[in-house]
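Line by line, the protein sequences are chains Z and E.
For what it's worth, UniProt numbering labels the leading residue of the first sequence as 1, then goes sequentially.
For what it's worth, UniProt numbering labels the leading residue of the second sequence as 1, then goes sequentially.
Errors might be hidden in some of the hints.
One copy or two, either will do: identical chains are not told apart, so a pair holds if it fits within one copy or between any two.
Stated by the list, open to error - The list that follows gives simulated cross-link-like pairs (lysine to aspartate or glutamate, EDC-like), each with its CA atoms no further than 20 Å apart: (1) Lys-20 to Asp-61; (2) Lys-25 to Glu-97; (3) Lys-25 to Asp-83; (4) Lys-68 to Glu-43; (5) Lys-40 to Glu-97; (6) Lys-57 to Glu-70; (7) Lys-63 to Glu-43; (8) Lys-63 to Glu-81; (9) Lys-20 to Glu-43; (10) Lys-20 to Glu-81; (11) Lys-63 to Asp-83; (12) Lys-57 to Glu-81; (13) Lys-25 to Asp-61.
FYI, nobody ran anything at the bench for these hints, they're computed from the structure.
Number of protein chains: 2
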Amino acid sequence: MLILLGLAGYAAGAQAGDPKAGRRKAIQCQTCHGLDGLSKIPEAPNLAGQPETYLRKALADYKTGARKNEMMSVVAPSLSEADIDDLASYFGSIRIEVTPP
Amino acid sequence: MLILLGLAGYAAGAQAGDPKAGRRKAIQCQTCHGLDGLSKIPEAPNLAGQPETYLRKALADYKTGARKNEMMSVVAPSLSEADIDDLASYFGSIRIEVTPP
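Next up, chain Z with everything else stripped away, as it sits in the complex:
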């Protein structure tokens, strides 16, 4: 029971990012990923509308070195857990619509 409560608390905490704070912090991302989360360069993915869980793990993995990239491995280590939550919350909150080819 304690374990279940602990996991629930972790999950809740991990989704408590502030999208408004994330938008401010996203200024450092915009040259490659766009402030609206649409990529500006072929090597960078769109971040708009990505699942928060995916974004949080991507940033955490770049921070720890589990995932490597020329640019992200330089910028991610300086991000705090709150920064990661805020950024994931902001980019994840951008709504996207698709038009299949």
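Once you've looked at the hints, dock chain E against the given chain Z.
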């Protein structure tokens, strides 16, 4: 001059994926990523409208082991270069529009 021509040829070849073939091959991706490239699970990214260059590198890195993921590290090694080009071409050809929060 030969080097420049060689690079141009490589770049052209790397973008020669067939989006229709990619759509057929994407059936193996749809449980997690959606056939329209919109993620079905929190751990999987949207692939719709991602830059082809990014998608091709992601699949190639999963294939070689440079990037690791519980699911992708299992499925990517069996993909041929043509499969990777076709999948990147298909998901990259899906148009997306964003609505900022």
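Homo-oligomer pair classification [Glu-43, Lys-20; C-alpha up to 20 Å]: Close neither inside one copy (27 Å) nor across copies (23 Å); limit 20 Å.
Lys-57 and Glu-70: within-copy, between-copy, both or neither at 20 Å Cα: Close inside one copy (18 Å) and across copies (13 Å); limit 20 Å.
Same-copy or cross-copy closeness of Lys-63 to Glu-81 [CA-CA at most 20 Å]: within (10 Å within a copy, 30 Å between copies)
Status of Glu-43 relative to Lys-68 across identical chains (alpha carbons, at most 20 Å): both (13 Å within a copy, 18 Å between copies)
Intra- versus inter-subunit Cα pairing at 20 Å for Lys-63 with Glu-43: both (19 Å within a copy, 18 Å between copies)
Copy assignment of Lys-20 with Glu-81, given that the CA separation must stay at most 20 Å: within (16 Å within a copy, 41 Å between copies)
Identical-chain pair category, Lys-20 with Asp-61, by Cα at 20 Å: neither (23 Å within a copy, 33 Å between copies)
Status of Asp-83 relative to Lys-63 across identical chains (alpha carbons, at most 20 Å): within (12 Å within a copy, 31 Å between copies)
Status of Asp-83 relative to Lys-25 across identical chains (alpha carbons, at most 20 Å): For Lys-25 and Asp-83, only the intra-copy Cα distance (7 Å) is at most 20 Å; the inter-copy one is 37 Å.
Lys-57 and Glu-81: within-copy, between-copy, both or neither at 20 Å Cα: Intra 11 Å, inter 27 Å, cutoff 20 Å: intra-copy only.
Intra- versus inter-copy proximity for Glu-97 and Lys-25 (alpha-carbon distance at most 20 Å): For Lys-25 and Glu-97, neither the intra-copy (24 Å) nor the inter-copy (23 Å) Cα distance is at most 20 Å.
Within, between, both or neither, where Lys-25 and Asp-61 count as close if Cα-Cα is 20 Å or less: within (19 Å within a copy, 29 Å between copies)
Hints 1, 2 and 9, counting from the list given before, are not met by this structure.
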